[in-house]
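Engineer: Sequence:
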Amino acid sequence: MSTPTAHSGLLIVLCGPSGVGKSTISLRLASMMDIAYIVS
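Note that the sequence shown covers residues 1 to 40 in my numbering.
Zero decoy hints are in this set.
Ranges between beta-carbon positions, derived for each pair:
1) S2 to V39: 31 to 39 Å
2) C15 to I35: 15 to 23 Å
3) S40 to V20: 14 to 22 Å
4) S23 to S2: 35 to 43 Å
5) M32 to P4: 31 to 39 Å
6) I25 to S2: 33 to 41 Å
7) T24 to P4: 36 to 44 Å
8) G9 to S31: 13 to 21 Å
9) A36 to A6: 18 to 26 Å
Source of the hints: derived by calculation from the structure; they are not laboratory data.
Beta carbons are placed, not taken as given, at the ideal position from N, Cα and C, and that holds for glycine.
Based on the sequences and whatever the hints tell you, model everything.
Structural biologist: Spelled out as structure tokens, the structure:
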């Protein structure tokens, strides 16, 4: 049986009403930090 490996990561959640700039902030953060931008 193999030993599970620990994974660390960063999860950023932005929430707010429509039109406040969530997508703009998300896209800018993703480009600055070189990370994936995922919408769920």
